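Hey, can you work out the whole structure from these sequences and the hints?
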Amino acid sequence: MAGSDLVMYENEFVKIDEELQKLHQQANANVVFLVDKNGQLIASAGETHNIDTTSLASLTAGNIAATGGIARLLGEKEFTILFHEGEKDNIHISLIGQRVILVVIFDQRSSLGLVRLRVKKASEVLTKIFDEITSKSEKDKSEGKSVESPFAEISDEDIDNLFR
Amino acid sequence: MSFINYSSREINCKIVYYGPGLCGKTTNLQYIYKKTNPEQKGKLISLATETERTLFFDFLPLALGDIRGFKVRFHLYTVPGQVFYAASRKLILKGVDGVVFVADSQIERMEANIESFEDLKINLAEQGYALEKLPFAIQYNKRDLPNVAPLDEMNKILNGSSVQWFEAVAPAGVGVFETLKSVAKQVLLELKKHY
Numbered sequence: 000m001a002g003s004d005l006v007m008y009e010n011e012f013v014k015i016d017e018e019l020q021k022l023h024q025q026a027n028a029n030v031v032f033l034v035d036k037n038g039q040l041i042a043s044a045g046e047t048h049n050i051d052t053t054s055l056a057s058l059t060a061g062n063i064a065a066t067g068g069i070a071r072l073l074g075e076k077e078f079t080i081l082f083h084e085g086e087k088d089n090i091h092i093s094l095i096g097q098r099v100i101l102v103v104i105f106d107q108r109s110s111l112g113l114v115r116l117r118v119k120k121a122s123e124v125l126t127k128i129f130d131e132i133t134s135k136s137e138k139d140k141s142e143g144k145s146v147e148s149p150f151a152e153i154s155d156e157d158i159d160n161l162f163r
Numbered sequence: 000m001s002f003i004n005y006s007s008r009e010i011n012c013k014i015v016y017y018g019p020g021l022c023g024k025t026t027n028l029q030y031i032y033k034k035t036n037p038e039q040k041g042k043l044i045s046l047a048t049e050t051e052r053t054l055f056f057d058f059l060p061l062a063l064g065d066i067r068g069f070k071v072r073f074h075l076y077t078v079p080g081q082v083f084y085a086a087s088r089k090l091i092l093k094g095v096d097g098v099v100f101v102a103d104s105q106i107e108r109m110e111a112n113i114e115s116f117e118d119l120k121i122n123l124a125e126q127g128y129a130l131e132k133l134p135f136a137i138q139y140n141k142r143d144l145p146n147v148a149p150l151d152e153m154n155k156i157l158n159g160s161s162v163q164w165f166e167a168v169a170p171a172g173v174g175v176f177e178t179l180k181s182v183a184k185q186v187l188l189e190l191k192k193h194y
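Residue numbers (numbering that gives the first Met the number 0), protein chains in the order written: chain P, 0 to 163; chain E, 0 to 194.
None of these hints come from the bench; they were simulated from the model. For clarity, every value in this text was computed on a predicted model and none was experimentally measured. Backbone N, C-alpha and C fix where the C-beta goes; we use that ideal spot for every residue, glycine too. Among the hints, erroneous ones may be present.
As the list claims (entries may be wrong) - Result set (DSS-like, lysine-lysine): computed pairs, CA atoms no more than 25 Å apart in a straight line:
(1) 70(E) x 155(E)
(2) 76(P) x 93(E)
(3) 135(P) x 34(E)
(4) 192(E) x 140(P)
(5) 132(E) x 140(P)
(6) 70(E) x 191(E)
(7) 70(E) x 34(E)
(8) 14(P) x 70(E)
(9) 70(E) x 135(P)
(10) 34(E) x 87(P)
(11) 192(E) x 135(P)
(12) 138(P) x 180(E)
As the list claims (entries may be wrong) - Residues from chain P that keep clear of chain E, each with C-beta distances beyond 10 Å, as calculated:
(13) 27
(14) 37
(15) 39
(16) 41
(17) 48
(18) 73
(19) 76
(20) 80
(21) 120
(22) 122
(23) 128
(24) 130
(25) 134
(26) 155
(27) 160
Claimed, not checked - DEER-style ranges, computed between Cβ atoms:
(28) 124(P) x 177(E): 41 to 51 Å
(29) 116(P) x 177(E): 44 to 54 Å
(30) 173(E) x 68(P): 45 to 55 Å
(31) 140(P) x 151(E): 38 to 48 Å
(32) 80(P) x 6(E): 24 to 34 Å
(33) 10(P) x 36(E): 45 to 55 Å
Structure follows, in structure tokens:
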């Protein structure tokens, strides 16, 4: 399998969640999301109940992928920031460490400048956390251990049950 | 590339439906959407043109249930089948865990099937995947039409490595869930191998 699966444990998840909460507050944002490049939602903070987070995650990743495609056509490595301005809400999308996508949705209670500043700070912290996750899962893999793996015991019956 | 979250106890996997234009990839997703309980599915998102041709992708999140206390989620994507959307097709394959190739059974579409199948292999290779190593199933769609190619001929042309294949009539649901189940099962067994 190309690349490696993203495996997230409680420890790192708590750290990420804290950072998103902090960003949500400091940037005066409505919602903050973290999405992996394949479109899967990793974590979120803020008023998420009115938003279809799964769809948002997949579309954001599609957006970043399409923009990345354009960048390569132009000889750029990547466009790391996207900004969409709406009548009420605005969305700031940035790529972190080539791996995950940070999405900030905000309205007139905040400003693009503030969001950019806070996103930059949060990016540094999040990059470190994801570096830890990568090195941890590489270490686990090389040592051949996996903590309480739920998959080792998967049976055909388990899988069949999913489709009943 | 699956996403395994031990904190929220979730597994997310990505399955991509590939195939030539108008072979019925979107129809597969629409049927799955129609027949799944509301609590198991999210919105079906279609980024399509005004004439309902897929422009970028369709997306359907499915939460099928639990395995050993982990919520199992499949994210189903289709690619735009039309030849000139090649650049977009490549993007959708990023991070794929399993592939379904939907072939159009009509004799006159055989060349389009072959072209799309080659395109799939090339695009996967560019991402560092080999089709033989991925969970993969083939669906021979439109079996209800009068001018279909015989199955053994289609298998000879498209299924050299003898993967699981299914006959389908996607609008009526024939073979749709069987195909999904086959590839989903392979994806989960692949996870079992790795973890």
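**Report entry** Beyond 10 Å from each Cβ of chain E, as asserted for residue 73(P)
**Finding:** Answer for residue 73(P): holds, closest chain E Cβ roughly 13 Å.
Query - residue 151(E) and residue 140(P) - C-beta distance against the hinted 38 to 48 Å - result: 42 Å, holds
**Report entry** Agreement of residue 70(E) and residue 155(E) with the hint, judged by alpha carbon distance not exceeding 25 Å
**Finding:** 38 Å, violated
Query raised in the report: Between residue 80(P) and residue 6(E), does the C-beta distance stay in 24 to 34 Å?
Result: Check passed, 28 Å falls within 24 to 34 Å.
Query raised in the report: Given the hinted pair residue 70(E) and residue 34(E), is their alpha-carbon gap at most 25 Å?
Result: Since the Cα atoms of residue 70(E) and residue 34(E) sit roughly 20 Å apart, the hinted pair holds (cutoff 25 Å).
Query raised in the report: Given the proposed pairing of residue 138(P) with residue 180(E), does the C-alpha separation stay at or below 25 Å?
Result: 33 Å, violated
Report task. For the pair supplied as a hint, residue 192(E) and residue 140(P), confirm whether the alpha-carbon distance does not exceed 25 Å. Result -> 12 Å, holds
**Report entry** Non-interface claim for residue 155(P) versus chain E (Cβ beyond 10 Å)
**Finding:** 8 Å, violated
Query - Non-interface label on residue 120(P), tested against every C-beta of chain E at 10 Å - result: Label holds. Min Cβ-Cβ 24 Å, cutoff 10 Å.
Report task. Could you tell me whether the CB distance from residue 124(P) to residue 177(E) stays inside 41 to 51 Å? Result -> 46 Å, holds
Requested in this report: Confirm or reject the statement that residue 41(P) sits farther than 10 Å, beta carbon to beta carbon, from all of chain E.
Outcome: 7 Å, violated
Query raised in the report: Regarding the assertion that residue 122(P) does not contact chain E, is the least Cβ-Cβ distance greater than 10 Å?
Result: 20 Å, holds
Checked against the numbered hints listed earlier, the structure breaks hints 1, 3, 10, 12, 14, 15, 16, 26, 27, 30 and 33; every other hint is satisfied.
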